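Take these sequences, add in the hints, and give me the full structure.
Quick note, the sequences are listed as chains A, B, C, D and E, same order.
Residue 1 is where the first sequence starts when you use our numbering, and the numbers rise one by one after that.
Residue 1001 is where the second sequence starts when you use our numbering, and the numbers rise one by one after that.
Residue 2001 is where the third sequence starts when you use our numbering, and the numbers rise one by one after that.
Residue 3001 is where the fourth sequence starts when you use our numbering, and the numbers rise one by one after that.
Residue 4001 is where the fifth sequence starts when you use our numbering, and the numbers rise one by one after that.
These are calculated hints, taken from the structure and not from any lab test.
Don't take each hint at face value.
Beta-carbon label-pair distances, calculated as ranges [claimed, not checked]:
(1) A:184 / C:2188: 38 to 48 Å
(2) E:4124 / A:206: 52 to 62 Å
(3) C:2267 / A:184: 22 to 32 Å
(4) B:1288 / E:4134: 49 to 59 Å
When the alpha-carbon atoms are kept at most 16 Å apart in a straight line, the in silico EDC-like pairs for lysine to aspartate or glutamate are as follows [unchecked claim]:
(5) C:2177 / C:2263
(6) E:4149 / D:3197
(7) B:1021 / B:1125
(8) A:210 / C:2483
(9) C:2654 / B:1258
(10) C:2339 / A:163
(11) D:3198 / E:4102
(12) D:3071 / D:3095
(13) A:138 / A:181
(14) C:2207 / C:2322
(15) D:3287 / E:4090
Note that the structure is a prediction, hence the values are computed from the model and not measured.
Note that beta-carbon positions come from the ideal geometry of N, C-alpha and C, so glycine has one too.
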Amino acid sequence: MAKIAYYPGCSGQSTSVEYDLSTRAVCRELGLELVDLEDWSCCGSTPAHTVNHVLSAALSARNLALTEQLGMDLVTTPCPSCLSNLRTAAHKMEDADFRAKANALLDTPCTKQVTAQSVLQVIMEQVDPELIRAKVVKPLTGLKLACYYGCIMNRPPALMQFDNHEHPMVMDNLMTMLGAEVVPYPLKVECCGASFGVPRVDIVTKLAGKLLDAGRELDVDAFVTACPLCQMNLDMRQGQINSALQEKFRIPVFYYTQLLGYALGIDRKELGLKKLCVNPKPVFNKLKETAQAS
Amino acid sequence: MERFITQDNLQRFAAGLAEKKNVLAPVASGGTTTFRRLRPGMQLDFSRMAVISPKDATFPRNETLLTVQHYPEESGKRMELQEHLPEGEMVVIGCRPCGTRGKLVFDPVYETQAIKDPYYIRRRDGATFITLACARPETTCFCHSVGSGPADEEGSDILLTAVEGGFVAKAVTEKGEQLLGDSLFEDAGAKAEEAAASNASARKLMGEAHDFSSAAEKLLKRFDDMDFWQTQSDKCISCGACTYMCPTCYCFNITDDEAGLVSRRLRTWDNCMSHTFTLEGSGHNPRSTKAHRLKNRMGHKFSYYPDLHGGQIACCGCGRCIKQCPAGVDIRQVVMAAQEYPDER
Amino acid sequence: MRIGVFICHCGSNIAGTVDCESVVEIAAGFPEVVYATDSMYTCSEPGQEGIITAIHEHNLDGVVVASCSPRMHEPTFRRAVERAGLNRYMFEMANIREHVSWIGKDKAHNTNKAADLVLMAVEKLRRNRPLVAKSFTTVKKVLVIGGGVAGIQAALDCADGGLDVVMVERDQSIGGKMAKLDKTFPTIDCSSCVLGPKMVDIAQHEKISLYACSEVESVSGYVGNFSVTIRRRATYVDWTKCTGCGVCTEKCPSKRSPDPFNEFLGTTTSINIPFPQAIPKKAAINPDTCMKLQKGKCGICAKVCPVGCIDYEQQDELVTVEVGAIVVATGYDLFDWHKYPQYGEGRYPDVITSLQYERLLSASGPTGGHIKRPSDGKEPKNVVFIQCVGSRDRSVDRPYCSGFCCMYTAKQAILTKDHIPDSQSFVFYMDIRAPGKGYDEFTRRAMEEYGAQYVRGRVAMIYPHGDQLIVRGADTLAGTQVEVPADLVVLATGVEASQGAVKLGETLRVVPDQFGFFVESHPKLKPVETNTAGVYLAGACQGPKDIPTSVGQGSAAAAKALGLLSKEQLESDPAVSKVNVNRCVGCQKCIDTCPFGAIKAVTDRMGRLKAEVIETVCQGCGICTVTCPQGAIQLEHFTDNQILAEVNALCPPKMNNVSFE
Amino acid sequence: MSGEVSQLEELKAAIRGQLDSLDCVIGWEQGYDPLHATPLFIRSEADLERLTISPLAVHNPATYTTGFKGKKIGLVVRGCHSRSVIELLNEKLIERDEVVLFGLCCDGVVSQRKIRAALPADPGFVEAVELGKDELHITVAGEQATLKLQEVLADKCLHCAYPDPLVADVLIGEKHAPRQAASPACQDAFEALGNEEKLAFWQDTMSRCIRCYACRNVCPMCVCQDHCIATSRDHLWMSQENTPVENFMFQMIHVSHLTGRCTECGECERACPVDIPLMLLRRYMNKQVREVFGHQAGIALDKTPPLLTFQVEEARIKERDW
Amino acid sequence: MSAQDEQRELRIVGFLCNWCSYGGADTAGVARFIQPTDLRIIRVPCSGRIDPLFIVRALLNGADGVLVSGCHPRDCHYAEGNFYARRRLEMLKRFLPITGIDERRFEYTWVSASEGQRWQHVVTEFTRRIHELGPAPFFNPVSEEEWAKLALDGAARGASCACHG
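Shown next as structure tokens:
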């Protein structure tokens, strides 16, 4: 079993606990042993690096150092925002002067180059696709999905170095592999409004509303996401969007790990499906119908 | 006159001499032993025969013959020439009989009726040789084949023979006798016999000598047989190790070094194994291959020189050229091959 | 040697901070200096006369002038010593102005430095030897590579000037990019009406030989005497017989052959004549799609051809021509816009290039001049133009401006309105670059008279919505994001160097810059020359250019070629490399490193390999001299000894008088 | 050492088979004493009988190849010698069809210098030598000495990455498992010295040099033959004066011309009559070449020496800040 | 370093290609960009003409510093000269440390004909560096005392030289 350091990130402990849960379950099933960083700290999210680059990098560098202390050189996280901060820190630490400044703030300096990758990347690159196919017990056949990646998962490309930043395909491919029909969703990397959900909900309802609209136009059964914030804006705020835009969207929004876990036959409790705001039941009903029909 | 001197005192004696004169002595350096100017604090190394011969004493590798200084025209003298004749005395300590005797080859060349090389003559006259007799021959030694031996006194002023606790020093010349007057020398006593016995035993250890008596004639006969020389020179790489280390090689090159306002005329060792040695201004080279050059080296030492100078072979049998040749060319073998080679084929 | 040294005061330029009299005094003591003096302005008439008089009076055979930079006045003084009967290479210059008096504050140091520089010059001069230029005859013929408008102009000018011309065109017809255009800016006149007659002139000019479907394979030789091998690709049609009647193209059953002339918007027949005005008007078979050549079945064209010119067995042919000069006019290629993921990477058929749009506009194009969008053939109402696609963008390694896209976009916006009066054009732009005559007015017309809506900003994304494309971009002037629904998106695709340029550059020894455009000899003063003598540049192969500039350069290159070949004989610079055959061991390392192919291997009479310099090709860089370990090849006038003499003059080796043995 | 005996016989048989078609085959025989070998130019059956391939047979036969241009010869080559041959081929200095290579998988050769240091008396007094499996039994000045072969192997052999010929027509002996090259400890120690110490070392060492050019002439890659700029009459590169600075200048010429070409056969150092550790310079230069160009001379055919080519973007040459 | 020493010129040799750097130095002159006076420039057609051994010769002859400058990569008048030069010079620069000659005494760079200001900067910086390093030691001992010291140190090193210990 491959051992990989795991950084859940703050949202994994709260708003997206189902993402964390399903990630752990899926990884276990696919033979990836996630080793939790002990005493990890918040990556600083957006606010930290808007204030001070060194301090912001130090926050993430601390987590890189923890990885190093585990004797590992790779750390994985489900959250694109955390990933972005981890990778930014690792990148900046390549510069000796910057490294010295950031390390001065840490109890245990980060000396080695530690790489951070998304769980998605780890699954796609370290797990044999044949293994995934072989392990699918409940295929997603008949399901029409839109994969929505969000704006920071693959950007900036020079930093993230994974998938196509304007037209990413890995989630599409993964879902196809599970038997689903994936539509050519044109707004894959559009912004959902991100944390504007707090100060300017009107922005989010507008942006996320467009995302839902494009999905509806393509007649999708559900959205698939890989970002806690994206998922929250599309799922939790769907009601706000409906009232703001006079719409009647009812499109479930999954984490890709939830659908992957479902296909792999993982117990639904472990996938945190109950945490979803838009009831996913129609989706599963449809799946059951298709399964019975065939 | 025979005297005795302890090992320590010989070092002291040498150091004392070095305060007044130039002393050239074998000194250990970087794992090897070469002749160097003895400077304060340096130790004599008699443990092995020095790699390089002591010929620097009478025929130095570099000799500035004259220097030229340019002046502005207005000053009346366009340039000034200054001759650099050697000055001072030189004492060589610890050379072997072969190396000492090797320099005798120079005399018939540098001091003849017609030509008297003042640089050479001054150096020769100012040089004293304190030679160390060999106790045991090396595999490359063949001094006895060229008319000498491990305790040959020819050319020396003093001959040292190693004995228990030190050396017996025998004055060969008057110059040598004067030096033995130094208080560091003691009465030789019975040590003199020990020395004589050692010298006799060394001679015996040398075994049978090569007979080079027909070399002069046979080498001439071989002159046009380039096949023979090509085979003999197969492994020669045309470097100058043999000639530069040879105590008897006396060829030199003269070059002018110019640098800005000063220039000088320099005499340096030349090397007959090199292509440029006989390269003519026209670009023609009468000895264009290493075979030609090896032939010349052998011929010169064992045939042409002896022919001109009363049969004296221009080789002292020290074996340096054999021992240090990077390709293992053996001068004895080449001469013997030339002698043994059938006249008619 | 008898050397004279002349120290120039340059008024107070030098004398102000250098004690020239002292330098004279010091220099007088330098080796072989028999005469030293100073003068107020050595380069002036009396100054030069002074040198000449001194040469005669003091019987000088070498001269050193210490004054300004040799890059300034070396030619002047060389001519002066030549007038006095000396060889011009028996002259050296010490730069005591730019390198001494103008940059140093301390007079004592400056004087000292000036004297050193004079000593260096003297020491080098002492190793100089007279060098004499060689004369050689030239071939009065010019090779023009590329039959676009620049090449056409160059060829016609050369031919009219009396030179024979060989034109080589890679495609089936000459005309280049201009032949594909519908109209040209800023006059909106018909492109083919302007270009057509010139193309016909090429075909009919008795001094011009045209090789279409051909490429330059290799070039050897040197200025005045190049030998060029041309590969004529097999067309499977005997062009000596083909009359261009077009019967074969009508009958060809294989109609799905890609149509490069129409920018792949439609298809054509396997045997085809690319467009009605093609020159030469000859048919050729595309072997990739021809059923006869692919499967051995069909052969209809051979049956229908009235003159029996079809030859399925035809092979490539190599032709060698001797020319005296070469004009490179290989033009440009379009940037591959698929590198931009935000424009859909080719997923949306209604995102097309500007040149494809030209074909849609053109009456001879695949739609007969009606604007129909590729996806469904509908006439677009909203057309969005995106500028700077592959221009001025470091992220795709195209930091340069392609120069003419602003203009043709304006033209296309105007033509769109002409074709579809109820249409609306939107142009996303960064800056409008319209610096030509009548250009800016033209773009204004597009905006003001034709109502094209110009949006200053970049496009971030194109995505489909219904049967339309939504173009989202920034409007930086309004400070907002805009979304424009478009029926058709036209990308003003930037210019990049022609794909074969790098390889051709190697053949011609003309260097491409980092983007593949050929580098001219001097950006201002030698814009059409290259660093290889006798090779000239015309058109966009040197950098993005519009039609008038390309034509102008074509004429300029022709003028250069005519000037060069108008001389009966050419002289070569004698400061070139020279092989000492006695030292050369024939290892050929110099041949490998020479950037100009100026060294060849020859066998001497003993059968040994030796290097030999082709004096007329050698440019005098000296790379070979450093390459040769035994110093057998020496760059004349900059030999090892000459440079070492300078080094030794500057840092005299310590004369070592301490004996160590 | 029965293995070696059978290898020798195998080699002799291989040479015998081709001797008629070759001008000569270059191998080794015993030299002036039992401790020293010397190059052997085999032209007859009788010559062949004298062939030896013991660890005393050290000379690099590739040195002689350029002298036989136009003739077809055979060479008995060890791994390092084959590198010299490859480099000569790559530089078009010899033709592949003009050399027949009899390759020996090599277990290393001796350093006479180390033997000298290990013997109780000067090797000049050697009387007999017997080769054991892992040791040398040497009688010198009447005394018996046993030297472990491993302890007197040449430095180049101790860390040799290419003991087996990289090109050969006939291969004799067992191939070695891949090995990692390393520089001798003394190299690292020397490189760690300060500039002043290094300079002093060369000043002193170069004062021993007699400029005999053995290092040059024995070097298989010194192909200027008789036309070296150091001994030319008309070049100002060097004074003929024998002083440390001029001697060192020559070494700089040598190493400069060897940049990217030195195959580390160690012949220069071996040939030096005054024991100058020339490989210090060569190894260091080779290290730089490896670091910057990823190039090692003579390990692959059809490679261009790095100074005879270039890349527009040099990945490992950084422009320095000013 | 006393004020007088600072005033004293050191011997710095420059090798400049004719087309770019020599022109750059001219440009600096024309613009009257004041520079230290230690440098003496040898003009060569191309940096590809510069044999690294010229630099070695200068350094061994006692030059305190050697500065080489050519056209920027890709800008060579002869297309490829500076590409070859870059390799040759880089190897020399990297090699110098083993000789005991301070590699900071040699530098190579690229200056175009238009970069007068850059040339001034390069000369000023390099000259400053060489003055910081001070006069270069002579390779040949220049006095009997130096010889004695050298020989004694050598003897002390004995057979255990750095590499045969």
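So, going through the hints one by one against the coordinates:
At roughly 40 Å, the beta-carbon separation of residue 184 (chain A) and residue 2188 (chain C) lies within the given 38 to 48 Å, and the hint holds. Our hint of 52 to 62 Å for residue 4124 (chain E) and residue 206 (chain A) holds, since their Cβ atoms are close to 59 Å apart. Restraint check, residue 2267 (chain C) to residue 184 (chain A): a C-beta distance of roughly 26 Å satisfies the suggested window 22 to 32 Å. At about 50 Å, the beta-carbon gap between residue 1288 (chain B) and residue 4134 (chain E) stays in the expected band of 49 to 59 Å.
With a C-alpha separation of about 11 Å, the suggested pair residue 2177 (chain C) and residue 2263 (chain C) falls inside the 16 Å cut-off, and the hint holds. Distance restraint check for residue 4149 (chain E) and residue 3197 (chain D): the Cα-Cα separation of roughly 13 Å lies within the 16 Å cut-off, and the hinted pair is therefore satisfied. A distance of roughly 14 Å separates the Cα atoms of residue 1021 (chain B) and residue 1125 (chain B); the hinted pair therefore holds under the 16 Å criterion. About 13 Å separates the Cα atoms of residue 210 (chain A) and residue 2483 (chain C), which keeps this hinted pair within 16 Å; it holds.
With a C-alpha separation of about 11 Å, the suggested pair residue 2654 (chain C) and residue 1258 (chain B) falls inside the 16 Å cut-off, and the hint holds. Our distance criterion of 16 Å between C-alpha atoms is met by residue 2339 (chain C) and residue 163 (chain A), whose separation comes to about 15 Å. As the CA atoms of residue 3198 (chain D) and residue 4102 (chain E) are separated by approximately 10 Å, the hinted pair is consistent with the 16 Å bound. For the hint linking residue 3071 (chain D) to residue 3095 (chain D), the alpha-carbon distance of about 10 Å falls within 16 Å, and the restraint holds.
A distance of roughly 15 Å separates the Cα atoms of residue 138 (chain A) and residue 181 (chain A); the hinted pair therefore holds under the 16 Å criterion. The suggested pairing of residue 2207 (chain C) with residue 2322 (chain C) holds, with an alpha-carbon distance near 15 Å, which does not exceed 16 Å. Taking the CA atoms of residue 3287 (chain D) and residue 4090 (chain E), the gap is near 13 Å; set against the 16 Å cutoff, the hint holds.
In terms of the numbered hints stated before, the structure departs from none.
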